[in-house]
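> Sequence:
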Amino acid sequence: MAASAAPRVLSAEPRRRDPVAVGVPPWRLSPGSRVRAASRARQENVCRGQLISTNIKSRPLLCPPCRCAQMALANTRIAYQPDVQKHSGVLAYELVQGSLVQWNSFMDKSVPDPPTAVLLHGILGSRKNWGSFAKRLAQEFPMWQFLLVDLRCHGDSASIKKRGPHTVASTALDVLKLIVQLRLTPRVLVGHSFGGKVALSMVEQAAKPLARPVRVWALDATPGKVRAGGDGEDHPAELIESLRRMPMQVSSKQEVVDALVKEQFSVDVARWVATNLRRSSPLGSLSSSSFSWIFDLNGISDMYKSYEETNLWGIVENVPRGVHINFLKAERSLHRWALDDLQRIHTAEELAADEGGGVEMHVLEDAGHWVHADNPDGLFRILSSTFRIEATIRGMQN
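By full-length UniProt numbering, the letter at position 308 of the sequence shown is numbered 308, and the numbering carries on one by one without gaps.
Derived from the structure by calculation, the hints contain no laboratory data. This structure is a prediction, so every number in the text was calculated from the model and none was measured. Careful, some of the hints might be misleading.
Stated by the list, open to error - FRET-style restraints, in silico, Cβ to Cβ: (1) Asp268 x Lys225: 21 to 31 angstroms; (2) Ser266 x Ser110: 46 to 56 angstroms; (3) Ser289 x Glu350: 52 to 62 angstroms.
As the list claims (entries may be wrong) - Under the rule of at most 30 angstroms between Cα atoms (straight-line distance), these lysine-lysine pairs were calculated in the BS3-like manner: (4) Lys161 x Lys128; (5) Lys128 x Lys305; (6) Lys225 x Lys305; (7) Lys208 x Lys128; (8) Lys262 x Lys305; (9) Lys162 x Lys305; (10) Lys128 x Lys225; (11) Lys253 x Lys305; (12) Lys135 x Lys109; (13) Lys128 x Lys253; (14) Lys109 x Lys162; (15) Lys177 x Lys128; (16) Lys177 x Lys161; (17) Lys208 x Lys135; (18) Lys135 x Lys253; (19) Lys177 x Lys225; (20) Lys208 x Lys177; (21) Lys305 x Lys177; (22) Lys161 x Lys208; (23) Lys225 x Lys162; (24) Lys253 x Lys161; (25) Lys162 x Lys177; (26) Lys208 x Lys305; (27) Lys208 x Lys109; (28) Lys177 x Lys109; (29) Lys177 x Lys135; (30) Lys253 x Lys162.
The beta-carbon is built from N, C-alpha and C at its ideal position, and this holds for glycine as well.
Generate coordinates for the entire structure from the input sequences, incorporating the hints supplied.
Below you can see the structure in the form of structure tokens.
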């Protein structure tokens, strides 16, 4: 491979960072390093898969038919008609909005939606993986809003029954249906691992409701064959099978951590997986405490098999006009980026430039597969370029 074909390394060296602000998982913090999050001027309220993000001076409304407490923007008239379908649930999600955003999905349809980015998690993750990072982006880019999604079989979406097959394509279609329901036109799609392939599949399946131009970020995800887990590393398929052998209810999170460590999984991964346990017996109850999983492991097993097998090189090597695809490789990735993958992406870069699209390769230094936890500052700097470019384009159009 010629030197010119090597992936571009962006300067993303880590610096001292606030662990809470950048979304480092709690098990990576020592007790003395935990800090109390400052009170925020904005609040988010989740309504069975719907979230309306508003400022603190808002007045509450009751939302039929689920009668959840929602928040209406102060000094804003909202045309809202009760609609059972809106509450039937496509996916569970949160909408994190910058301080300059004055919009929600109940507004009159003539009001354009603000620039929106969709953030997608990986296998065995949830929208919470992106929570702190999205809030940091919203602070830096106050005119943007960020849609965080629990993919099918994961998090709060696990209770929303989905028909099979559970694949990358069906998962992408779920997200497309959600953004149609919310009347959003995303300008940026960011997906980590499995979520990266979902983002690519969204572009492959639909010209609308995606904006043009649209920028896609596949974080530590190749478009083709997945080569996960080397010697001494945690392999996701083996982890899923170990979890499927466990009882549906356990007495404590530590019980799961101990069992996974005994099976030679790393402590960090074991603790991360245990965050998917939810208390199933009330605090203070006379019965012994118990926890149950919040995900559908059978569905997730099918999703991971699809992730390994799905081939999306076609969309990369024939990029639609107005689409810019960015691949980000973690320097210490548990995924094996083959030389052939890097060469094909480099060739796609040249072809896309001639066809009015774009393909680009980046490397995040000092990071393993969990890029938003290992080097969030470096990831923030790399992704920030996308939002600055979009702001410039929007300014020129106006």
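> Each hint needs a verdict: does it hold in this structure or not?
Right, here's what the structure says about each hint:
| no. | hint | result |
| --- | --- | --- |
| 1 | Asp268 x Lys225: 21 to 31 angstroms | 26 angstroms, holds |
| 2 | Ser266 x Ser110: 46 to 56 angstroms | 52 angstroms, holds |
| 3 | Ser289 x Glu350: 52 to 62 angstroms | 59 angstroms, holds |
| 4 | Lys161 x Lys128 | 20 angstroms, holds |
| 5 | Lys128 x Lys305 | 24 angstroms, holds |
| 6 | Lys225 x Lys305 | 11 angstroms, holds |
| 7 | Lys208 x Lys128 | 27 angstroms, holds |
| 8 | Lys262 x Lys305 | 25 angstroms, holds |
| 9 | Lys162 x Lys305 | 17 angstroms, holds |
| 10 | Lys128 x Lys225 | 27 angstroms, holds |
| 11 | Lys253 x Lys305 | 27 angstroms, holds |
| 12 | Lys135 x Lys109 | 26 angstroms, holds |
| 13 | Lys128 x Lys253 | 18 angstroms, holds |
| 14 | Lys109 x Lys162 | 29 angstroms, holds |
| 15 | Lys177 x Lys128 | 21 angstroms, holds |
| 16 | Lys177 x Lys161 | 15 angstroms, holds |
| 17 | Lys208 x Lys135 | 27 angstroms, holds |
| 18 | Lys135 x Lys253 | 28 angstroms, holds |
| 19 | Lys177 x Lys225 | 27 angstroms, holds |
| 20 | Lys208 x Lys177 | 11 angstroms, holds |
| 21 | Lys305 x Lys177 | 23 angstroms, holds |
| 22 | Lys161 x Lys208 | 25 angstroms, holds |
| 23 | Lys225 x Lys162 | 26 angstroms, holds |
| 24 | Lys253 x Lys161 | 26 angstroms, holds |
| 25 | Lys162 x Lys177 | 13 angstroms, holds |
| 26 | Lys208 x Lys305 | 28 angstroms, holds |
| 27 | Lys208 x Lys109 | 17 angstroms, holds |
| 28 | Lys177 x Lys109 | 17 angstroms, holds |
| 29 | Lys177 x Lys135 | 24 angstroms, holds |
| 30 | Lys253 x Lys162 | 27 angstroms, holds |
Going through the hint list in order, the structure satisfies each hint without exception.
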